[in-house]
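Chains A and B supply the protein sequences, listed in that same order. Position one of the first sequence corresponds to residue 1 (the numbering used here), numbered consecutively onward. Position one of the second sequence corresponds to residue 250 (the numbering used here), numbered consecutively onward.
Heads up, none of these hints are tricks.
Taking lysine-lysine pairs in the DSBU-like style, the calculated list, with each CA pair at most 30 angstroms apart, reads: (1) A:K202 - A:K80; (2) B:K364 - B:K420; (3) A:K202 - B:K262; (4) B:K305 - A:K80; (5) B:K391 - B:K364; (6) B:K305 - A:K202; (7) B:K305 - B:K431; (8) B:K382 - B:K364; (9) B:K305 - A:K245; (10) A:K186 - A:K26; (11) A:K80 - B:K382; (12) B:K391 - B:K431.
Here are some, though not all, of the chain B residues that point toward chain A, as calculated from beta-carbon distances under 8 angstroms: (13) T255; (14) P256; (15) F280; (16) S282; (17) G285; (18) I286; (19) V300; (20) I301; (21) K305; (22) V308; (23) L310; (24) R340; (25) V342; (26) F343; (27) R344; (28) L379.
Everything labelled a hint here was simulated from the structure, so no lab data went into it. Nothing here was measured: the structure is a model prediction, and the numbers come from that model. Heads up, the beta-carbon is just placed ideally off N, CA and C, and yes, glycines get one too.
Listed here are the chains, written in short residue letters.
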Amino acid sequence: MGLREFDYGPLVSVERGTEVTTRERKRQWNELRPLFMRTRMVSHAAGSSYLEAENSKVICSVNGPLANTGGRTEAIERAKISCYISRTKFCGLEDDELEKRATTEYEGIVCRALESIVRVEQYPKSTIEVHVLVIEDDGSTLSAAITCACLALADAKIELRELMACCSVVNANGQLLLDPTLDEEKEASGSVLVSYLATSGKVSTVFQTGQLAYDEMAQAVELTISGAREIAVLVRNCLRQRESKDRGL
Amino acid sequence: MARIVTPGSILGKAGEVSDGLGCYVEGDEAFSSVTGITHQDGRGRLISVDVIRERKAIVPLVGSVVTCRVLRINSRFATVEILVVDGIPLRSVFRGIIRVQDVREFEVDQVDIPKSFRPGDIVVAEVISLGDKQYHSLSTAKDEHGVIHALCSQSGEAMVPINSEQMQCPKTQINEWRKVAKS
Numbered sequence: 001m002g003l004r005e006f007d008y009g010p011l012v013s014v015e016r017g018t019e020v021t022t023r024e025r026k027r028q029w030n031e032l033r034p035l036f037m038r039t040r041m042v043s044h045a046a047g048s049s050y051l052e053a054e055n056s057k058v059i060c061s062v063n064g065p066l067a068n069t070g071g072r073t074e075a076i077e078r079a080k081i082s083c084y085i086s087r088t089k090f091c092g093l094e095d096d097e098l099e100k101r102a103t104t105e106y107e108g109i110v111c112r113a114l115e116s117i118v119r120v121e122q123y124p125k126s127t128i129e130v131h132v133l134v135i136e137d138d139g140s141t142l143s144a145a146i147t148c149a150c151l152a153l154a155d156a157k158i159e160l161r162e163l164m165a166c167c168s169v170v171n172a173n174g175q176l177l178l179d180p181t182l183d184e185e186k187e188a189s190g191s192v193l194v195s196y197l198a199t200s201g202k203v204s205t206v207f208q209t210g211q212l213a214y215d216e217m218a219q220a221v222e223l224t225i226s227g228a229r230e231i232a233v234l235v236r237n238c239l240r241q242r243e244s245k246d247r248g249l
Numbered sequence: 250m251a252r253i254v255t256p257g258s259i260l261g262k263a264g265e266v267s268d269g270l271g272c273y274v275e276g277d278e279a280f281s282s283v284t285g286i287t288h289q290d291g292r293g294r295l296i297s298v299d300v301i302r303e304r305k306a307i308v309p310l311v312g313s314v315v316t317c318r319v320l321r322i323n324s325r326f327a328t329v330e331i332l333v334v335d336g337i338p339l340r341s342v343f344r345g346i347i348r349v350q351d352v353r354e355f356e357v358d359q360v361d362i363p364k365s366f367r368p369g370d371i372v373v374a375e376v377i378s379l380g381d382k383q384y385h386s387l388s389t390a391k392d393e394h395g396v397i398h399a400l401c402s403q404s405g406e407a408m409v410p411i412n413s414e415q416m417q418c419p420k421t422q423i424n425e426w427r428k429v430a431k432s
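Please take these sequences and the hints and turn them into a complete structure.
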């Protein structure tokens, strides 16, 4: 086979939207997408995890505890958590949408959610770095990022108070939808994200955008908690499996 | 019976579990804070949650015994980088300083830093305080702390300790001053 004159261009091209997602396959309004999660995906990180909910794919790696590099005055007696979110070029969002996504705000939300579970007083004078990479965005990536980050922290053997799972709900045309896809997020008038602590049953983060009536809000929070409970079971099982594999049990 | 626990797993009532490694007590219950297997003492009392040693997340704390490398010295202190804490390699290097008054326990005012440490030496020390923003404060006052590995300034050979204050090069027979760790 001789060399072709023009050997450029993509090796493989994938047409978007050809796969039928489950809501199209009549997923119930209160039904999660099938989830896949796994730890230790990045070999050079202290801990890492991968989470996939159909077309939403998120990878997270944790470095640390690292020594503080000085500079700004930081609290000596506790660890600082810094979070970075990045998206791939092919994540599925157009450029103008990428700009609209306030990444710094999202980083802050992930950071604050994680601060509620990490035992920061165990790691004085150090920094725990959490890097989240959104490989493909098909909705609910912020909640996926938080769940994934918790999984990666547990994989890095950072001391945590408890496990956390996160889930979101949107209000699209008066109907609440759990674990929305990107299209559902776009046509939604409001959304709620809740991160749920698996052992104590407390809620550590509530993040709401758009408009929601009072009773809708209450219903939405209840719905997210029920979703997060299901996810928490998967997170725990994933860690258990990894541990028994590591110990050859 | 050892069992696998994840962060937040309930280990038992607060009185049954000592607030040890990998667990914490909140209210009247004790919880695991890492993924690992439960570890019991002789009487079947749960004492800690064991993590695979190499994967432990660790930082230097007050009282930790650390292994470090001397980076630079001056007349008042030696600057070191902490590499290992309690036998577990760190995920990132922490900085520490050994002040002249913390080098040894006796004749503290006679200590000379260049006669105790040289850049490149491997030193075992104890963390005495978290220090300031940048450096942990370390001490080698105890007999078992001090230089454990040093190279001869002339030949580059690893030196052998001959007493608590001197090391000798096996090649050139030169004696050099160090604060030697008692083995």
